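Participant: Using the sequences plus the hints, can you model the full thing?
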Amino acid sequence: MSDLFIGSAVLRGEDPRLLTGKGRYISDVAAPGMLHAVVIRSVYAHAKIKSVAASKALAHPGVVAVYTAGDLGSAQMNLPSFGQFPKQLMNELRPLVREAAVTTLASGKVRYVGEPVALLVAEDPYVAADAVELVDIDYEPLPVAADVNATKVRVFDDWPDNVALDMVVGKGDAEAIVNSSPHVIAEKFYSHRYTGVPLEGRGCLAIPDAGGQGLTIWTAHQMPHFNRSLVCEALRLPSFAVRVAQPDIGGAFGQKAGLYPEDVLIPFAAHKLQRPVKWLEDKNEHFMASSHSREQMFEARLGLTEDGAITGLTYSAIVDAGAYLTFPVVLPYLGFCHLLGPYRIPVIRAHIQSILTNKVTSAPYRGAGRPEAVFMLNRLMDLAAEELNLDPAEIRRRNFIQPEEMPYSLDLPYRDGSPMVLDSGDYPKALEMTLDAIGYERFREEQREALKQGRYIGIGIACNVESGGIGPVESARVEIATDGTIGVFVGITDTGQGSKTSLAQVCAAILKVEPGKVRVSTGDTAGVQFSRGTYHSRAAVTAGNAVNMAAIAVREKAFKIAAHHLEASVEDLEIHGGDVRVVGVPGMKVSLAECAKLALPEASRPPGVTPGLNETSYFEAPQVVWGNASHVATVEVDKDTGAFKVLRYVVLHDCGTVLNPIILEGQVHGGIAAGIGGTRLEQLKYNEEGQLLTGTLADYMLPRASDMPSIELLHLETPSPLNPLGVKGGGEGGTIAPPAVFAAAVEDALRPFGVRITETPITAPKILAAIRNAKVKA
Amino acid sequence: MKPPSFSYLRPASLEEAVVALCESGDDAMVLAGGQSLLPAMVLRVARPSVLVDISSLRELRQVEIDDQCITIGAAVTHNEILHSDELASAMPVLRTAAGWIAHYSIREKGTFGGSLANADPASEWPCIAICIGATVHVAGREGSKAVKAEEFFLGPLTSALEPGEIITHVTIPRLDDGEIVVFDELAAQHGAFGYVLVAIKARLVRNRIKDIRICVGGCGGVPELAMSHAEEFQEAELNEQLAVQMAEVTVKRLEPDGDRYIASDDRRQMAAELIRRNLLELGAKLGQGKLGA
Amino acid sequence: MTVQTIPITLTVNGNCVAAEVPPRLLLSDFLRHNLGLTGTHVSCEIGACGVCTVLLDGRPVRSCLTLAVQADEAEIESVESLSDGDELSPLQAAFWRNHSLQCGFCTPGFLMTLTALFRRNPNASDEEILEALDNVLCRCTGYVNIIKAAKQVRDQLSSHIRKQPA
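Residue numbers (the numbering used here), protein chains in the order written: chain A, 38 to 815; chain B, 789 to 1081; chain C, 44 to 209.
Hints are not guaranteed to be accurate.
Think about it this way: if two alpha-carbon atoms lie no more than 30 Å apart in a straight line, the pair counts; the simulated DSSO-like pairs of lysine-lysine are [as the list claims (entries may be wrong)]: (1) C:K194 to A:K682; (2) A:K814 to A:K225; (3) A:K676 to A:K549; (4) A:K682 to B:K1073; (5) A:K597 to A:K549; (6) A:K59 to C:K191.
Bear in mind the hints are in silico, worked out from the structure with no lab data behind them.
Owing to the predicted nature of the structure, the values given are computational and were not obtained by experimental measurement.
Facilitator: Printed below as a string of structure tokens:
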């Protein structure tokens, strides 16, 4: 009975509100006397700021203030970075990491188009938009580092080059072992720049408390507690004086994580002016000032035996980091970690670099370094299959880590310093299930027939592991009100993925009530004291288990109170339908509402029981947990136009215990759509001057309904042994494999031409060029 | 992203609209559907001092079909064309092309005349208008004038419209027996800017070419009428080989630009392929008796 | 400089509204800020995303690419008009049942687009439904469940029509 509601397709409680226009997003939140802020951004990719003249703007009716770096006092600061190696791991790996911190406002120099230079505050958003044009900024343009090969331009003047991260990591004598292998596959790969683009931009509303002692901040942000720490440091306020809370959030995908200048600027302005100040990111700003991702290049050598068993892998990876380093090691190191499964790679050596350029800063976007690495790894597997004349499915079978080897230690540290151990999973079965579903052998026959008719169809496979649920700790508080309503309070944010409903299910399963009776508050510093927020597929794992623990603790307290009240023994009690009752004695029961009343300070509580029916619990994650996925797609390529159509897409996603299958299904669908967009449509393209050429939603194409194939979703549930719920992360999985799958499928379709796909995006012009190049070579 | 301030006029007649536009100075602009103009204003690329709203003028909203020609008012929307069975039966390609334009609610407001006035070389209507030999009728202070579509587009986002002039309607000659028009487009995504657009009007008799016009959009500053009569292909039999040959001849006359998404050579190759395919398709359609007229 | 304002009178979700608005005020801002109807959301502001779609005299339009003055004498319907009190419309109910929304930001755009489509053509084909859904961007769902809900509603509507005597 403990899993009464876990695994059920419970409809989301938040939906009726969202469906009727009663959602309350940051753009909908208002406060009396609210002012509107606009960030004034650099129009140059690299320039000295000679002067900022705001007098004309300040004279414009309705303009309240213009701030530049010099006006900010303690709020002009280096913003913290995230996901750094812990000290011990720094000592072990000894990476070169240079500090390239974002500052609140640019001072002296700008390093990308879109970098905040000033903040303008006005009474009305239309007035603000007009007044921005009246602020004169005098720049002295500098030469631009448009890519990682720019050697003559220094993004930071006092650096010897633009290398922000440089490290070597691995195990075994990979170089020698690969070089002496019977087969070596050597290739370069490139993943292009694209990013999350939630339809709702970032934004916040900062409201000063009466008396100017603190602030309440509503923000579309994934990490409210970190945001609070930042504001407190900037404004020299104690943590309890600032409340940061999320309204409904219109998607996030990693781009609303980390800390941005606006997270300090808007609270600063509100605190300074003692009036509510609101800022909403528009889409123009989004493309030029919210984090980018994915741009990474690889050069790899994969060694294999005559039988196709991997002997080892050596590679170098370079991340085009953009202008600053906000997540110093996350993208390339997460990539490295995801090369170690699901295929057995006995020895590995990686040379990892992040190099600064005059572009928007790179940071995690759904997948966070995984899609790039998984692209390289699966492409290498396909190229190896070709070289060894093996089927792509067969070479994978020969290299999978087997289920009976679980837990499988990878003998390397994860980025948080914990040991990397694949906790559970059945990779061979996952692949076989997808191959069966798509009819792999039959497809090969269809392919031969199609070719006779001049049709080019192909199939691609990609398998990957996927870490989730990073610690160290997440907390939850469960409280029962005197009317019997159950409240769950967590600091992780619900950015649309349905955490409120999933967590309600976890709590309901323990307290044996309908999930609809549980109200969940997410992303509020007033809810719990500590939280790290939502990122790294961690909400269900860390907050889910914390809620589970807190609900158990509350149940235990309710039992103590009920036992005292009913004059029964705790051991004889059970919970059911909102009541605590004595097993086998009808009528001997007390409702949870009554228990809450009996826990009031003035009530007669049992000895040693503190007032209030609420408990806070902390889930400490021993290490990340590892899900896995197997994706197979078939495509038809038009060799004359380069267009390709997805015929079928089959995916198996194993993320341990499923809390809610429809929510998980939605996550996988959305992840695949993001992968399709990234592979086929979305491109952040810059010119040599560092100007973004694709900075509107008309130029940066997101996938639409007609771009989607139907998706056949298969389930395999291998619970994690590392947490009581057995859950793993589900949010990022769908996004990781699509680039590799489509590259493989297109390449397979065009095998008669000998085409090799080693780069994304995969667009019609790129396919035409690939066919042309292959013909030239042949 | 908010538009700059402007004054707004909503004249009650075309005549008033012309006067309003002329008297409002060179920075005044016509507002029809606003689906290209308003984004430009929000991005502050366009900064009209005055907008003269003609979207509800009855004179500009007529659709007429007679024996000689089809008349489409400038303020007729893309979706009105898409959903008009009369237009679709008179000239099916109008429905085909309308279906390629942006998305549902853009097509509800965006207008035929507005698209021509905007003169985007990768837009559907300019390419079609040139191919089918349309005439653009314009009202101005000096009276009205008629400009052939192939002379109307002067460069990217530049047309033959003078300040103070408003497109009133477009006339399109009806198709003769044996004539057909086809339109096709290659784009990264349906509704997005096309890599290449191709419109072909042809007259065939017993599968032999009597006359042909091929207009290619997206391959230069204006849609290019790369073939305007049958030339050496007069009387040639339309088959696979000829289609390839004609496509080659046609694309040699194009000077496509590369852009952030596509290199000029790829554009040329796509254009050739679209032409080849659509020549064969129109041949097949005529052969099956699915006449364009 | 005095800013011109223009009087407008319109019907919004069945209520008569009169206001004086500057010409540049966008219909989306008029609905959201002047009338407090924040169910209509704004994302790209240039007409690409469609989340701001409302019905103007029954036609789906981008409220971000429509001036409030252009809605003079028009009838506007926004997402707030779809449900009857707490009772979800069949379309809204289908979205809920099929998990056709995640963050919910784009949802009003889809609901209004489909409302317009099914009023015009309750028998819309699968292709017509897909074409209409291309009107709006969603970044969360991958559209799979939106397409599913739309087809279910179409099937309900068309079976209802079939049951009606001719």
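Participant: Hint by hint, note whether the structure agrees.
Facilitator: Tested hints:
1. Straight-line distance between C-alpha atoms of K194 of chain C and K682 of chain A comes to about 22 Å, which keeps the hinted pair within the 30 Å bound.
2. Straight-line distance between C-alpha atoms of K814 of chain A and K225 of chain A comes to about 17 Å, which keeps the hinted pair within the 30 Å bound.
3. Using a Cα cut-off of 30 Å, the hinted pair K676 of chain A and K549 of chain A is violated, with the two alpha carbons roughly 59 Å apart.
4. Between K682 of chain A and K1073 of chain B, the direct Cα distance comes to roughly 25 Å. Compliance with the 30 Å bound is thereby established for this hinted pair.
5. Using a Cα cut-off of 30 Å, the hinted pair K597 of chain A and K549 of chain A holds, with the two alpha carbons roughly 17 Å apart.
6. Only pairs whose Cα atoms come within 30 Å are accepted, and K59 of chain A paired with K191 of chain C is accepted, the gap being roughly 24 Å.
Checked against the numbered hints listed earlier, the structure breaks hint 3 alone; every other hint is satisfied.
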